[in-house]
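The chain contents come next:
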Amino acid sequence: MSDGDIRTRDETLATLAGALAVWSEESGRVLETSAQNTAKALDEARSAIDRRRARVSELASALGALPPDADSSSLRAQLQRAQESLATATRAHSTISASVDAVRELQRRLDRARVDLAQPARSDLLDLVQAVENYRMVKFNAGEASVGAGSSSSRSPSSESKLSGIYAQLGLKEVNLSQITFDDNPIIGEWGRGGLTKADYRWALETWGNVVAPGVNSGMTRDDFDARDQARHAVATRKSAAAYDMFLGSDPIRVDRLADGSHSVTGGRHRIEAARELGITSLPMIVTEVRK
Amino acid sequence: MNFQSKEMLSSLAKLSRQLTSSRDSWNDRTRSQFDRRYFDPILSEGDVIAKRLSDIEAQIADALRALAQSD
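Here the protein sequences line up with chains A and B, keeping their order.
Just so we're aligned, residue 1218 is where the first sequence starts under the numbering used here, counting upward by one.
Just so we're aligned, residue 99 is where the second sequence starts under the numbering used here, counting upward by one.
Think of the hints as simulated: they come from the structure by calculation, not from any bench.
Quick reminder that beta carbons are idealized off the backbone N, C-alpha and C, glycines included.
Each hint should be verified, as a subset may be incorrect.
Computed from the model, here is a short list of chain B residues facing chain A with C-beta under 8 Å [unchecked claim]: (1) L110; (2) A111; (3) Q116; (4) L117; (5) T128; (6) D145; (7) I147; (8) S152; (9) E155; (10) A164; (11) L165.
Given the sequences, and given the hints that come with them, work out the whole structure.
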């Protein structure tokens, strides 16, 4: 296998894993929208039944209140139409009620497909990506030197990719998190700026690894992620464009590389801490050499 | 009400195409194992879900139409 094959296969597997994640997420969204619309339709049918039942009752009362010798033909005709209308609403309600159950069954079916198929497929694909990364790193470590960059991560992008071109433009390096410490400046109290929770950071890191990095490698831009967020009506803390900004924006993780080879964090402790908890072993960051 | 079935079914079809396209860009001996184990069943499930959802939504649209016409 040549280096070219490795890179192409690596990128393809990462892209495919990302496509599986999108398939799972978006299919779920489609079915959820359908379930909501079906529930609204059921409400509409239920309201129609209530209104029409009241109308039938009203007409029946009016008919019963007529004097024996009065002409009841008009009221009887109205009552018949109202009863037919009520019967139609009842049939519609029955049909839609069955549809509500059917959509729920589809949601359960999709959930099974996610758990039994999509998740293990993604896991196996990422294992393959990891295997390729490991293979590359064996060669890398054997023949070349680097400033702590290129450490493997099951979620890290290929070091030879469109993403690596962006890294080069922004002065970013993929750094092994085991080399980083912020013991002298630990995280205390509230988690994250702007009200971001640990869950928000974890989501952003997962999205970075599973959606954004593979997407960038397949040619997506920040505008594409923004459009994706808008199409999904994503809330501020669940935007893939925000995950993009978190690593490729104006406030990247920053570390000082000290003379002893260790790295001290000057910005991004929360991202690093959340990444460690997720088992992510490397992230892109700005590395400043500090000699003294 | 706007049932949006066309948009949703179009989304499912698009997802299926994207997944198929991503899979088809992967072409080595491992691929066929993944096809049998994962991708064929996933795409098949996607087709079944899309078809059933289409039928369900058509039934609901008919029911809502009858409801409106009988008001």
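Exercise for review: If any of the earlier hints don't hold here, list their numbers in rising order.
Suggested key: 2, 6 and 8
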